[in-house]
Amino acid sequence: MFTFEVGSLLSIAFVLGVVLVAAAMLIWVERRLLGFFNERLGPNRVGPFGLLQSLADVGKLITKEDWIPPFADKASFVIAPLIIPIVMLLSFAVIPFAPDVGVMDLNIGLLWIFAMAGLAAYSAMLGGLASNNKFALLGGLRAAGQMISYEVFMGISILGVVILGDSFNMREIVLAQEDGWFIIPQFFGFVVFLIAGLAETKRWPFDLPEGEAEIISGFNTEYSGMKFGLFFVGEYIGMLLLSMLLPVLFFGGWMAPFGLDIGPPIFSGLFWMSVKTGAFVVFFILVRAALARPRYDQLMSYGWLVMLPLSLLNLLITGAIVLSQGA
Amino acid sequence: MLSAIGKQVHVIWTQIVTLALVFSHMFRKKDTVEYPDVMPYMFPRWRGRIILTRDPDGEERCVACNLCAVACPVDCIALQKTEDENGRWYPEFFRINFSRCIMCGFCEEACPTHAIQLTPDFEMAEYVRQDMVWEKEHMLINGTGKYHDYNFYKVAGKSIGGKGKGEARNELPPVDRRSLLP
Amino acid sequence: MAKINVDGKVFEVDPNNNLLQEILSQQVDLPYFCWHPAMGSVGSCRQCAIIEYANDEDQRGRQVMACMTVPREGARYSIEKAAGFRAQAIESIMINHPHDCPVCEEGGECHLQDMTVMSGHTYRRYDGMKKTHNNQYLGPFIGHEMNRCITCYRCVRYYNDYAGGTDFGPQASHDNTYFGRFQEGPLESEFSGNLAEVCPTGVFTDKVFSKHYSRKWDLQTSPSVCAACGVGCNINPGERYGTLRRVVNRFNDEVNGYFICDKGRFGTGYVNSSERITVCMSRDTHDGRPVQIEADTARAQLKAMAGSAIGIGSPRASLEANFALRELVGADNFHAGVSDAEFGLLNQVLDIYSNRPVNIANIRDIENSDCIVILGEDVTNTAARLALALRQSVRNLGKEMAAKLKFPNWQDAAIRQLAMDRKSPLYIVSPHSTRLDDVAKTVHIASAADAARIGFAIANALDNSAPAVSDLSVDEKTLVDQIVADLKAARQPLVVSGTSLLEPALLNAAANIATALANGESRCNLALAVPEANSLGLMMLMQGSGNTLGKALGSGSKQAIVLENDLYRRAPARAVDSFLGGLDKLAVLDTLQNRTGEAANLVLPAGTFAESSGTFVNYEGRAQYFYSTFPAKAPILSSAKWLTEGKKTEEILAEVAASLPGGAILNKLTPGADFNFAGMRAPRQHHRYSGRTAMRANISVHEPKQEQDEDGIMNYSMEGVPPLKDATVFSSPWAPGWNSNQSLFKFETKVGGPLKQASHGVRLLDNSGAANTWYDATVTKASGDGFSVFPVYHLFGSEELTSRSPAIGEKATAAYVALNPADADKLGLAASDGVQVQHNGAVPVLLRNSIQPGTVGIPVGLDGLNFQDMTANVSLEKARDWQSPKGWRAANIIVSDRSMKKGEAN
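Chains as they are written, first to last, in the working numbering: chain U, 355 to 681; chain H, -7 to 174; chain W, 395 to 1300.
Some hints could be false.
Said to hold, decoys possible - Taking lysine-lysine and the DSSO-like style, the derived pairs with C-alpha atoms no more than 30 Å apart in a straight line are:
#1 H/146 with W/1062
#2 W/1144 with W/1099
#3 W/397 with H/128
#4 W/1099 with U/418
#5 W/524 with U/428
#6 W/397 with H/155
#7 W/1099 with W/1175
#8 H/146 with W/605
#9 H/155 with W/798
#10 W/601 with H/155
#11 W/524 with H/138
#12 H/146 with U/414
#13 U/428 with U/418
#14 H/128 with W/524
#15 W/952 with W/475
#16 W/1099 with W/1042
#17 W/1144 with W/1175
#18 H/128 with W/1027
#19 W/397 with H/146
#20 U/488 with W/403
#21 W/798 with U/414
#22 H/128 with W/1144
#23 W/1042 with W/397
Treat the hints as calculated values from the structure; they're not laboratory data.
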């Protein structure tokens, strides 16, 4: 129970703790890094290097007036922000952090993640609808359209990985990369998955559901206080999830590159997993700092006209090769 | 077909260049001035705290014409005209809701008498929002502010106490309405 | 119609109008100053210059003034090509204009500002000296700032030529021209307020407004109807910071056109009065101490009275409020709150309007009439706007002469030159001289009864089936013959009378004349002035019931609800005292404290016209809806809402429509409570309304939700469809580039024509099927000892509410007795003496030549004398130890025989 094995209490506590702390710290990391990319300093006042900034933010959000507009639909207005952090956290259940570290070893792990990601769409949709506000509604509609569209290619893009790994189980996918990371055979799958993942988490440059230049703040226009905070945290957990999925699916998960194992397998696994995750986190922040937001029609047509054929082609070729090899 | 693919490659390439360029900013010197440890230099025409000034004779410059109020994009200026016994206009009250003010300076642009001016003082935070509502007595200073010489009533045709008809700049003495002389 | 080409665009225009007017009617911008839609063209300002081309080959063209040009069929014009000339003209106009805009009341709604910008003059190149002028004191209404003058002559053309003023004019010469009074002092015309709207810049400004000034864009305005008399002029009140700031004219081509009188414009100060009832008060006994109570308690107390109380309605409360009271107390217990004499007269007016073949005259009809008989009514003092229209009607002769010479009728100066002092015939039969005497052909001084006899005789002479009168004097016979001859020759005759002299036979006589002139389809115009804003509306609600005020006072009822009424102004004080004394419970709904309210057990604060919505029925039976200008401060509510527990005004109006015969038309009065345009309602505030987030920040920095208005389709905010689009209600005119009230033409179907969107009101009376029947020519002559009394009305002072506005107070006077000097001699009275009026105290005496010996004029509604306490004949004697009361200002009395009292006041 208190040993590191998949599903042990210690493991669960570790995962939950790491994810929550990391998500909170991400807020600070992102602002700091954005600062650096913009030749600024970023938040450096609260605690050493501003490390306690997230804590201060949470304190602020909790003590802020928790306003429910009189014209909103109360029940769904309250439920909406709860959905996204919950489903995102549930997704982590199947992530293999390291050998023996994880919440459960589900043989349909990948499908679980997609199921959860599908549910996450409800958060933005409900929030937008419940607010009873034109801009919120527009934001909610955009979120729904975007998430449903991109989930399609996201799913297709990793079928190549599933074929190569011969399993939906995340651990088995990682283990299947023993001989070579899937980034090599599945480069296009990776590209599609990366872009679709960005869209799925509503991260820049695909944050059209919020699109503050056009629709104030989109689906969370009417939200304030900790309800807004939940949307906010949910997004960061989502980014963390994506940053962990990418290594797991394409970069060998916890496995060390070039056999650079350091110490015991768990330690080494956790180390390399966090290095890979961290690299993607930094990349996502860099994307936010650098790239401009497309128009919504561009987003949609790019999805359906470029990403879908690309991912289908990728699947076709992968399947053909695997079949021709007679595996 | 090829050119289309080439165009896409170019698009992707520019995105990558952008990413690299932005990433390189990480290692440059930061522009941030660490206020309040380091006080920044405030330019004289910085648009900060709003003041009401007096003309060179020490009278209120504001004539309550309402142009600042109508120019204000957030409608945070409210005032009421009144006049003294000699016909000089001035505001009975003049209120700015600084919790709404966006320091755009339109009021200063609109002011025909140089009464309302923005100053380089920006430290206006309050713990209670109500304290951000300023009345005339909070804003009126004993000086001319940025414009030292202008006195609106010395140019205007309206007579006020101490200045009768025809005594303003560039004015002839009042016409004798009973005379038919050329 | 003529086709013209202006800068490449082809328009169909009316060749009977001038080119400027027609171009504006096409919504094309062309600057102008001196032209005014109501006053025609004189071509003096040179602003509407335009190029006229001789033919299609002509490239040079010639420059003409559009306002002095007849649109030529097929002609080609260019506005653009004359832009340079217009810019030069405005530059020279602006040479002496002072640097005043920030401290000028006209700033922001200044025609001169608009035209300067439109003509492209932005920078004063001339650096010479500016002309200056001294100002004059022009009375409590109008401020004067002569420096700003651009010499367009509009003030003179309005004040002297249009409104008939005699104390004002242009002075000095060339560029020294000065516009003012010959001697400093108050402007005498009762229409002087329009100068502020006519003047294209800030020379004449609204002085009352200036005291609590706000820019036009800061005023919250709504379409409203003047509550000061029975004409029902459309007005546009403006509010800022919770107080009513000013009233301006709101165009309605059928009711008031471009002008209103000074009472309507300056008489709304009572809305902000410190004497307003602002809380609900209650007490158990008549002399107990009133205590303030909650609105809900007050409402419950009022409701509890419903079964047993009688209700007394009011001619100054809206149709809805009177109806609500009638529903609350039941039609049997509902009594008209007008004096018994007035009750009969108003019923008679309704009878005449509905059952006689007459054309109920609106001001258009009045202005078009070319022979007018005024029977007994002092129109200037009882229905002032009609007097201004009557002044225009006498010009019809000049216009006809001009038409014969093929002059267009917009050639104002030319027609005046042509007509000189020749006027269409206007006959006045009145017990005293009136303000209109200067345009009358004959003024005949006669008592009300004699005036009625003359009227009957005219009717008989026109149509011998009409009842005849005997024993006319020789003078009277000559007069009758003269009038009959002119009436017969007239294209469109008009008979004017009214209720003010309290003589039923007068109305009958007027009706008989009009009936006698009816000839099949062509009917004679008839205008009968009524005393108050909703007099006819109240009487319509009575629906023939005989519940007079006298009946109410004698009913012995123990409980009563009095709606917006001071009973002491309606019945003798003794009768009212005994009635109020006999009551167990008296509930009063009113706006201002008054004597009836002082006796009340329950007082409910009612909203004025500016704080409540409702309907008034004017002298022509025209129902007009007025929208509240600003929300009433709780617990003040409109009377209708007190009486119905908060029903929406439009719901009550629908109930009125269902209950009145022929009232269904009332449903067309408003667009309906649910009306919206693209989901939006209409804004009360200008889109430039300022200070929204600061005006109440001193109370709390947290901004409350916008006040909602459930009555009608207007918002108390700037949200909604502005009137230029499809707002369906029209409050304040504004169009891009046209900030002044001259922007009105953008809202009219054509210049001077009806507004595109606003309601004219609906006529409730239909007499289309009426046949020729006659009223008996019986005239009861008052007999008895002493002087026979006739009422004298004052524009400033006789009306209950307006007289309590500070500005009107300055123009009003205390009560007096008007006497013929011969009678005064008999009584041993000098001009500065006081006179004891039977038991009613002593008042100053006013000597007037025009009053017949043996009669006295007693003013109505002025401080110091209650007309209701007068008997038909009174005895007078010289007052001992006489001192003039403070409020005695003889100079304020509007009459034309003022020479008699000059120097004798005080």
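Hint-by-hint comparison with the structure:
Pair hint residue 146 of chain H plus residue 1062 of chain W does not hold up; C-alpha atoms about 57 Å apart against a cutoff of 30 Å. With a CA separation close to 40 Å, the supplied pair residue 1144 of chain W and residue 1099 of chain W exceeds the 30 Å bound. A C-alpha spacing of about 60 Å is found between residue 397 of chain W and residue 128 of chain H, which places the hinted pair above 30 Å, so the restraint is violated. For a cut-off of 30 Å, the pair hint linking residue 1099 of chain W to residue 418 of chain U stands: about 21 Å separates their Cα positions.
Between residue 524 of chain W and residue 428 of chain U the CA atoms are separated by roughly 68 Å; this puts the pair beyond 30 Å, and the hint is violated. Of the pairs offered as hints, the one joining residue 397 of chain W and residue 155 of chain H is violated, with about 56 Å between alpha carbons and a cut-off of 30 Å exceeded. Distance hint between residue 1099 of chain W and residue 1175 of chain W is unfulfilled; the C-alpha atoms sit about 64 Å from each other, more than 30 Å. Between residue 146 of chain H and residue 605 of chain W the CA atoms are separated by roughly 23 Å; this keeps the pair inside 30 Å, and the hint holds.
At roughly 57 Å between alpha-carbon atoms, residue 155 of chain H and residue 798 of chain W are farther apart than 30 Å, so this suggested pair is violated. The hinted pair formed by residue 601 of chain W and residue 155 of chain H meets the criterion: a straight-line CA distance of about 21 Å does not exceed 30 Å. Distance check on the hinted pair: residue 524 of chain W and residue 138 of chain H sit about 29 Å apart at the alpha-carbon level, within 30 Å; holds. For the given pair, residue 146 of chain H sits about 54 Å from residue 414 of chain U by alpha-carbon distance, which is inconsistent with the 30 Å threshold.
Restraint check: the Cα-Cα separation between residue 428 of chain U and residue 418 of chain U comes to about 18 Å, which is no more than 30 Å; the hinted pair holds. This hinted pair does not check out: residue 128 of chain H and residue 524 of chain W have alpha carbons roughly 34 Å apart, beyond 30 Å. Note on residue 952 of chain W and residue 475 of chain W: the hinted pairing is violated, with a Cα-Cα distance of about 80 Å set against a maximum of 30 Å. The hinted pair formed by residue 1099 of chain W and residue 1042 of chain W meets the criterion: a straight-line CA distance of about 20 Å does not exceed 30 Å.
For the suggested pair residue 1144 of chain W and residue 1175 of chain W, the alpha carbons sit about 51 Å apart, so the restraint of at most 30 Å is broken. With a C-alpha separation of about 27 Å, the suggested pair residue 128 of chain H and residue 1027 of chain W falls inside the 30 Å cut-off, and the hint holds. For the given pair, residue 397 of chain W sits about 53 Å from residue 146 of chain H by alpha-carbon distance, which is inconsistent with the 30 Å threshold. As the CA atoms of residue 488 of chain U and residue 403 of chain W are separated by approximately 42 Å, the hinted pair breaks the 30 Å bound.
Proposed proximity of residue 798 of chain W and residue 414 of chain U is contradicted: the alpha carbons are some 87 Å apart, above 30 Å. Under the criterion of a C-alpha separation no larger than 30 Å, the hint pairing residue 128 of chain H with residue 1144 of chain W is inconsistent with the structure, at around 48 Å. At roughly 50 Å between alpha-carbon atoms, residue 1042 of chain W and residue 397 of chain W are farther apart than 30 Å, so this suggested pair is violated.
Checked against the numbered hints listed earlier, the structure breaks hints 1, 2, 3, 5, 6, 7, 9, 12, 14, 15, 17, 19, 20, 21, 22, 23; every other hint is satisfied.
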